[in-house]
Amino acid sequence: MQASDRFNINSQLEHLQAKYVGTGHADLSRFEWAVNIQRDSYASYIGHYPMLAYFAIAENESIGRERYNFMQKMLLPCGLPPEREDD
Amino acid sequence: MYLYSLTLQQATGITCAINGNFSGGKAQEIAVARGKILDLLRPDENGKIQTIHSVEVFGAIRSLAQFRLTGGQKDYIVVGSDSGRIVILEYNKEKNVFDKVHQETFGKSGCRRIVPGQYLAVDPKGRAVMVGACEKQKLVYVLNRDTAARLTISSPLEAHKSHTICYSVCGVDCGFDNPVFAAVELDYSEADQDPTGQASSEAQKHLTFYELDLGLNHVSRKWSEPVDNGANMLVTVPGGADGPSGVLVCAENFVIYKNQGHPDVRAVIPRRADLPAERGVLVVSAAMHKQKTTFFFLLQTEYGDVFKATLDHDGDHVSELKIKYFDTIPVAASICVLKLGFLFAASEFGNHGLYQFQAIGDEPDVESSSSNLMETEDGFQPVFFQPRRLKNLVRIDQVESLMPLMDMKILNLFEEETPQIFSLCGRGPRSSLRILRPGLAISEMAVSQLPGQPSAVWTVKKNVSDEFDAYIVVSFTNATLVLSIGETVEEVNDSGFLDTTPSLAVSLIGDDSLMQVHPNGIRHIREDGRINEWRTPGKRSIVKVGYNRLQVVIALSGGELIYFEADMTGQLMEVEKHEMSGDVACLDIAPVPEGRQRSRFLAVGSYDNTVRILSLDPDDCLQILSVQSVSSAPESLLFLEVQASIGGDDGADHPASLFLNSGLQNGVLFRTVVDMVTGQLSDSRSRFLGLKPPKLFAISVRGRSAMLCLSSRPWLGYIHRGHFHLTPLSYETLEFAAPFSSDQCAEGVVSVAGDALRIFMFDRLGETFNETMVPLRYTPRKFVVHPKKKLLVIVESDQGAFTAEEREAARKESFQAGGAGENGNGSADQMENGGDDEDKEDPLCDEQYGYPKAESEKWVSCIRVVDPKTADTTCLLELQDNEAAYSVCTVNFHDKEYGTLLAVGTVKGMQFWPKKRLVAGFIHIYRFVEEGRKLELLHKTQVEGVPLALCQFQGRLLAGIGPVLRLYDLGKKRLLRKCENKLFPNTIISIQTYRDRIYVGDIQESFHYCKYRRDENQLYIFADDCVPRWLTASHHVDFDTMAGADKFGNIYFVRLPQDVSEEIEEDPTGGKIKWEQGKLNGAPNKVDEIVQFHVGDVVTCLQKASMIPGGSESIMYGTVMGSIGALHAFTSRDDVDFFSHLEMHMRQEYPPLCGRDHMAYRSAYFPVKDVIDGDLCEQFPTLPIDLQRKIADELDRTPAEILKKLEDARNKII
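Sequence lines, in order, name chains D and C.
Numbering follows UniProt numbering, with no gaps: position 9 of the first sequence is 9.
Numbering follows UniProt numbering, with no gaps: position 218 of the second sequence is 218.
Next comes chain D alone, as it looks inside the complex:
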């Protein structure tokens, strides 16, 4: 593989990362990965109305409240990020 190709692939990756939220990279931390998964999950729950209703029944809340709660949880789905290790 030539150097120019590698550069090319990198730029393609960067393009993907910019376009699609959640596209991973080599240095992705466990926390970032989990946050992405959680946000995707919440977005999926909100998008699938029957699932939202299913949660609403379990928690005895209205569906509208449940949707709001899930939206709110998208801010910090896994709690605070860990301290950065300085390298």
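Careful, some of the hints might be misleading.
[What the hints assert, rightly or not] Listed below are the simulated EDC-like cross-link pairs for lysine to aspartate or glutamate, each with C-alpha atoms no more than 20 Å apart in a straight line:
hint, chain 1, residue 1, chain 2, residue 2
1, C, Lys908, D, Glu59
2, D, Lys73, C, Asp192
3, D, Lys73, C, Asp187
4, C, Lys1011, C, Glu1063
5, C, Lys916, C, Glu944
6, C, Lys136, D, Glu32
7, C, Lys108, D, Asp40
8, C, Lys136, D, Glu14
Please keep in mind that the hints were generated in silico from the structure rather than gathered at the bench.
Use these hints to put chain C onto chain D, whose structure you have.
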């Protein structure tokens, strides 16, 4: 195994609803999305909701919006779905279909985080539409008209902002300036990077205005300002000449008016006085209503209270925002205010309501205003109110909804011909047990006793142009009774009918004379009262008669046919005679076609098991045209014209075909197509209707000819939305029937049964099931049937609610405090829906207002015994101390001391959030006393987790307690542990057993097959699934096979491979199984997935059952959205071939309406395997005729054959 999937009851819940004028004209319509179904509803003049059109789109509809081009006459529908496409639909009134006007792809399919479709907003002037995602992406499409006045759509303009969560979008009304859209957004990029938590605590929601510059064709962020952090919804405020423009921001506890360059105007949302302080008030649905000079908003909170919000404004300046308590109705997913003065509330759970406005809340009531907003140290001062009975609204109709269907069992407890579906529906105070029976509901208008046992009944008009019937004629074995229809129905003697003889037929002949056929002759009563009598020759008597308005054929004993025709003067003339080979069993003449003088066909059924078609044309009068042999002697014949296909509301595009229906002695209905020209019979189909030979009667349903078949139960054959339906009626056995039309009842049926005359009408045509309802107290979780006594035991539980006593006490207190004045008699002794004493007049019935909210750690629960026959609750045990029942089963222990016992798994002090916690779990053992009608607690055993699954196994009790499967025996004081296995991955939620095998369902890891070895007293897991499935329902199909459903809406079957199964059964030591360990902590053997299908809805219950007597069983399922479906196994390879090809062609030729690829939808999580989608196949009749022909040609069949196949496939299931 190949399965045919068919939805029997479409989803009844509603995800979103919009109102508009979709068909043009004046009518107001409501478009509702029910998950994957798009319906168009319209309130009729009687205030009943009618479904005009319904289409399954095979995709999840997430949002709907309507818009109208400037100067346009009708509204278009924009659909936001999971297809990654924007779809604009127009309702085509002539053809009764939705036409897809535009479909533009913008992203990947599926409900994803950054693919738009979740939110829709339209410019109030209909110039642009914005479609948004939960995060980042927003696209704006410009809408315009081309020179031919057709709607055009631009390419998308991006308004993206990354790392931003979007809560709501709406259009801003700014007249004819550039379109502006508002969005509530939250930027999370800093919070993700900051480990100290400061950034996240300071994260601020913003209200952002996006301006579409029509000149530059570009979208820009025009304005962005911080907004209350509880903001969740935006509502457009009228602008231009109508109002101040801007938006209402609904936030937790507040409503804020905001506009660019305008100070915030904020008002609190009044709180219920009994609401715990920890809870906020959130607006979940809103509607804006604009009148000529004013406008107002209706905002509904999560507790169901509706508030009227008004703005005091002077031009663009808003001086005051007022929020006034309006009324309380059940919490709605969407509310729609119609111009006709109706409010449609699409309930989140339970029946939907149509309300009529009595007032618009002008009278004084609890009100909060921006001008008297008080700010204290603890924030803004709340305003309190007490819910009261409806003042401004009155409910005029409701639409049944089974949502959510929590559990379902198909049983024949009532010993009827077909089993009943017992389903647990609803939530909290709106919970119910609903007993569904396949068939149409009827409403009985009158029942009156007659002096004797009538044998037949007819109705006649006096003149062909009359609207209503004049007489009901009832025949007895030796007499005829004539009743005249007027204000009341009473006996008359001056009608001219002969009353000393039984009658064989009574009808209108010609334009204005009446005919009575009796065994000895024909009596013809002219309009002026003259009577002509034709007598039978010799001693022969008339046995059968067939007639229409102009033709009469009689059959004499011995088999002679005599044919009469009414001539121009109305005189009955004998035309022809014909000698049949034997006695005639039945006769029918087709109705006279429009504009003709006579009908061409006479059908004659004989006792030699044949049906003959005879010609009535003058050239070949009474010549036999065709003969058909049938399986048994025909009892009754009827010609019926059927327009088999849609193409417009009335099927006008399609030629009608004439069907000859024969009811045979063996209870079968035989339907054959009659060639309109030659009279040849072809393409026959048969259906077993009941134990008695069906008698057929022509009636009319919605102005079109239909057929009533009376066997051991009545059936109605009618055309609904282009399909011919043959549906049983939920009514008793009838002997004879006739159409009935009067002032009070335009389209009814009069019938005789026993010694009573009954008049009834049909309700809600097109429905598969009709229901009877038993109200429940809390959200039902599960139920079991007492095997011998046929009683149902239901466990109900609710989080965050007060117990019945606490509620009673609080209610008494509030009545005393508020004075009994407005609220009337404080019916304190009334226990809500504890029995049948549910009082609709109760001023604060919980069904409407909901239970008062308690702290989230409080639980209420009860165990109820219901006698399904009488719908009585015979026993109701309310659990105390935050204990909630979750599982139930009946169990017979080894020592038969007590007989059948009831085991109930409960948990005390359950908490889901912030961490799952509980105080203790218990298994209660109850004894049935008083013939099973009461329960008596035997003892209660504490366990360490939640007992979510219980099952009887070899005279012991198996319990799944968290990850532990444990076997209990009955002791004197408590249950005794016998054996356990702790190797299950998460939480056991279902246990089923068959012989010595135990099938355990894990909440997250699908099925585990276990075995119990009695000699070693050990439980082993010998096989499991390799796919992580979040089980929601499971059912044992056969020794090696389990059916399951997961949280994401998939149904799947797993099967243990044959060789593994045999090996395990043959191994006498079991040692191999014991010591062999699987890889990575799994079981040594794996099950294979043999069936996979995406239903698109969370399946909550599965069962194997047959809905038709003597039919083969299918897997039935119920879903959260309140739909019921079936999976039926194909029995022949030919059928599999045929249907899979039909499905393939349907996919190609008729892609789903909202742009989702059908195959991709059915394979949303796992590729679909061996299931053919009957719902797609059943859309075949809705295709245009040339497309039908094209597909039929490819399949080497005719369209009629395909229709017949589809009908047959459905008839095998229901």
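These are the hints, each one checked on the structure:
{"no.": "1", "hint": "C:Lys908 to D:Glu59", "in the structure": "holds (16 Å)"}
{"no.": "2", "hint": "D:Lys73 to C:Asp192", "in the structure": "holds (13 Å)"}
{"no.": "3", "hint": "D:Lys73 to C:Asp187", "in the structure": "holds (13 Å)"}
{"no.": "4", "hint": "C:Lys1011 to C:Glu1063", "in the structure": "holds (13 Å)"}
{"no.": "5", "hint": "C:Lys916 to C:Glu944", "in the structure": "holds (14 Å)"}
{"no.": "6", "hint": "C:Lys136 to D:Glu32", "in the structure": "holds (18 Å)"}
{"no.": "7", "hint": "C:Lys108 to D:Asp40", "in the structure": "holds (14 Å)"}
{"no.": "8", "hint": "C:Lys136 to D:Glu14", "in the structure": "holds (17 Å)"}
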